[in-house]
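Colleague: Mind docking chain X on chain Z? Use the hints.
Number of protein chains: 2
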Amino acid sequence: MAGSVHEKPILQTLRGRKTESIPFWLMRQAGRYLPEYRAVRASKNGFLDMAFDPSSAAEITMQPVRRFRMDGAIIFSDILVIPWALGQNLEFLEGEGPRLGELNPGKLEMRDLEEKLSPVFEALSRTRDCLAAEGYDRTALIGFAGAPWTVVTYMVEGGGSKDFAKVKTMAYAQPENFARLMDILVESTAMYLIAQVRAGAEILQIFDTWAGALDPHGFQHQVIEPTRKIVERVKAAHPDIPIIGFPRGAAMHYPAYVAQTGVDAVGLDGLVCTKWAAAHLQTKCPVQGNLDPMRLLAGGEGLEKAARKILRDFSGGAHIFNLGHGIHKDTPPAHVERLAEIIREFPA
Amino acid sequence: MAGSVHEKPILQTLRGRKTESIPFWLMRQAGRYLPEYRAVRASKNGFLDMAFDPSSAAEITMQPVRRFRMDGAIIFSDILVIPWALGQNLEFLEGEGPRLGELNPGKLEMRDLEEKLSPVFEALSRTRDCLAAEGYDRTALIGFAGAPWTVVTYMVEGGGSKDFAKVKTMAYAQPENFARLMDILVESTAMYLIAQVRAGAEILQIFDTWAGALDPHGFQHQVIEPTRKIVERVKAAHPDIPIIGFPRGAAMHYPAYVAQTGVDAVGLDGLVCTKWAAAHLQTKCPVQGNLDPMRLLAGGEGLEKAARKILRDFSGGAHIFNLGHGIHKDTPPAHVERLAEIIREFPA
Chain Z
3 MAGSVHEKPI LQTLRGRKTE SIPFWLMRQA GRYLPEYRAV RASKNGFLDM AFDPSSAAEI
63 TMQPVRRFRM DGAIIFSDIL VIPWALGQNL EFLEGEGPRL GELNPGKLEM RDLEEKLSPV
123 FEALSRTRDC LAAEGYDRTA LIGFAGAPWT VVTYMVEGGG SKDFAKVKTM AYAQPENFAR
183 LMDILVESTA MYLIAQVRAG AEILQIFDTW AGALDPHGFQ HQVIEPTRKI VERVKAAHPD
243 IPIIGFPRGA AMHYPAYVAQ TGVDAVGLDG LVCTKWAAAH LQTKCPVQGN LDPMRLLAGG
303 EGLEKAARKI LRDFSGGAHI FNLGHGIHKD TPPAHVERLA EIIREFPA
Chain X
3 MAGSVHEKPI LQTLRGRKTE SIPFWLMRQA GRYLPEYRAV RASKNGFLDM AFDPSSAAEI
63 TMQPVRRFRM DGAIIFSDIL VIPWALGQNL EFLEGEGPRL GELNPGKLEM RDLEEKLSPV
123 FEALSRTRDC LAAEGYDRTA LIGFAGAPWT VVTYMVEGGG SKDFAKVKTM AYAQPENFAR
183 LMDILVESTA MYLIAQVRAG AEILQIFDTW AGALDPHGFQ HQVIEPTRKI VERVKAAHPD
243 IPIIGFPRGA AMHYPAYVAQ TGVDAVGLDG LVCTKWAAAH LQTKCPVQGN LDPMRLLAGG
303 EGLEKAARKI LRDFSGGAHI FNLGHGIHKD TPPAHVERLA EIIREFPA
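Line order of the protein sequences matches chains Z and X. Residue numbering for the first sequence follows our numbering, starting at 3 and increasing by one per position. Residue numbering for the second sequence follows our numbering, starting at 3 and increasing by one per position.
This is chain Z alone, in the form it adopts within the complex (with noise of 0.2 Å):
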């Protein structure tokens, strides 16, 4: 299928050419802002209860697809899966955000990742199915890991962290030490992605929602040569999966992270300034983003404006449109359809 006109939208994107309407889905879109995503979790024991459970997990990825027919379907779970799968304890309380427990780097295990991470390659597989059963033909499906700094900030902290101390302290004092544990989020993030394609995902992102945190020196040494270790890995396997990256917060470092990770795409945060993205970034490689989850929580004629802002800045290349982070889980799903119709209709 690859390169064939028949392609479905995101994918021609990916690969840089025009399309009749721009392609769009939303971080986070199968989730709390929905009425029948709210259901299914009633129903269930948890989120990990969820996201392992491969037919409510295909289940609520359809959702928000069945309502706005996205172009891409984001495979329902979470980016704490792999210090899970490597064995660090791991539990979502309602309203509080992850808690792992202690970490001990010479206790993770790899050897049954793949096992245990099963029941999110049968979600991806059913997925699949059920876009090809139900129609959606146009719609891609997107899998996804956390990217290594990300995930080893959940790790170090043992949860959310306001200013990384742990974490960074023990990247900028501890530098082998953390070395090693970077390298075993490495390999098993790229096992993870590999083992996704397989199962059927058609385009992978790689969230490093805490790339900002880090100084220049880390953010080379932490963000740009893990993901560039993974994007090999991951392309010798199968060369032709686009890979999207998403340094959220990278600010000047953008341009560095697309030329030297060899991602296929760039997810672009809320702050970053369209136009010069147009011109550093667009130019390289297509660009995802990067509307202001606030902007479509607000609504109103403040996201339409927005919402046009973005369309027309990136207008002279490939462009995929998505927020610039996770939805809020209080927006009102009409405001979601509103921003359907807007991108639908761009540039009418």
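Since the hints were made in silico from the structure, they are not lab data. Owing to the predicted nature of the structure, the values given are computational and were not obtained by experimental measurement. Hints are supplied without guarantee of correctness; some may be wrong.
Since the list gives no way to pick out one identical chain from another, each pair is judged satisfied if it fits inside one copy or across any two copies.
[What the hints assert, rightly or not] With a Cα cut of at most 30 Å, we get these calculated DSS-like pairs of lysine-lysine:
| hint | residue 1 | residue 2 |
| --- | --- | --- |
| 1 | K331 | K164 |
| 2 | K331 | K286 |
| 3 | K168 | K311 |
| 4 | K118 | K277 |
Modeller: Chain X only, in chain Z's frame:
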């Protein structure tokens, strides 16, 4: 004194002149990492009690100068004294950060602002006297305020926030109401800074800690425009006072901030690429920054290398050494001493 060769080094740097060694100070240098600060704190009834006691505030401001002979002494206070003086309730709970009372925009009252904030002015004047009396005639006194956007995030969210959902929804969905609130902050902040100069501040810094949380339209309207108005007002009253703007996380918007706000110098966060900043910012105005505070916390070879790289990359123009964000409370004072040596020895 302006223009004199006997001027304090940091003031010379702020006027774009070369000095023998690189002047430095550290954000949050007067604070919890110092045992003598913790001793003062133990004797007082919480943060506000200290900040509003001119004798304690002056003493705390002097503490790091006595140890490390910084070129700048930043007055011990907090950016949230402005909402407090406007009538919004404010508490600092131990280990939790600020808590603000309910916001009633219609009830904010600027009338008694200067009187309510008179302890800050008294602290500035006392510190100026201490610096002279104790022979720190190379150290300049720095006054400061939060920028309106950063201050309003706390006022609307009621404290710190992870996603700024409330304040951004207000900014994006009720632009007129939000603009009125920002106008009050512009006016009161300008008034406050002008009074700080009258009380003895020789430099002003405007902290826009959450500048990077906005989208490009928001950055223009909530960061650049209010800051420009404040700078204009302060300069009308005190044309020679140097103003450092610190739009933390401004990414590729730093050049627009420098070009449009009228600040005399710009503070850089820890992510900023020093070579990029030397080319795009330091050619326009003096730069300040930008060591990651976690390098100072971690110490060792990583600290030495990172600090020297910053000194080297900014050696072609006017540079004030500082951190990219406030000093971490667990930082060993010995690391600060070592950093001071590295800066003083440069380029030896």
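Colleague: Each hint needs a verdict: does it hold in this structure or not?
Modeller: For each hint, the structure was consulted:
{"no.": "1", "hint": "K331 x K164", "in the structure": "both (21 Å within a copy, 13 Å between copies)"}
{"no.": "2", "hint": "K331 x K286", "in the structure": "neither (34 Å within a copy, 42 Å between copies)"}
{"no.": "3", "hint": "K168 x K311", "in the structure": "between (40 Å within a copy, 23 Å between copies)"}
{"no.": "4", "hint": "K118 x K277", "in the structure": "neither (44 Å within a copy, 45 Å between copies)"}
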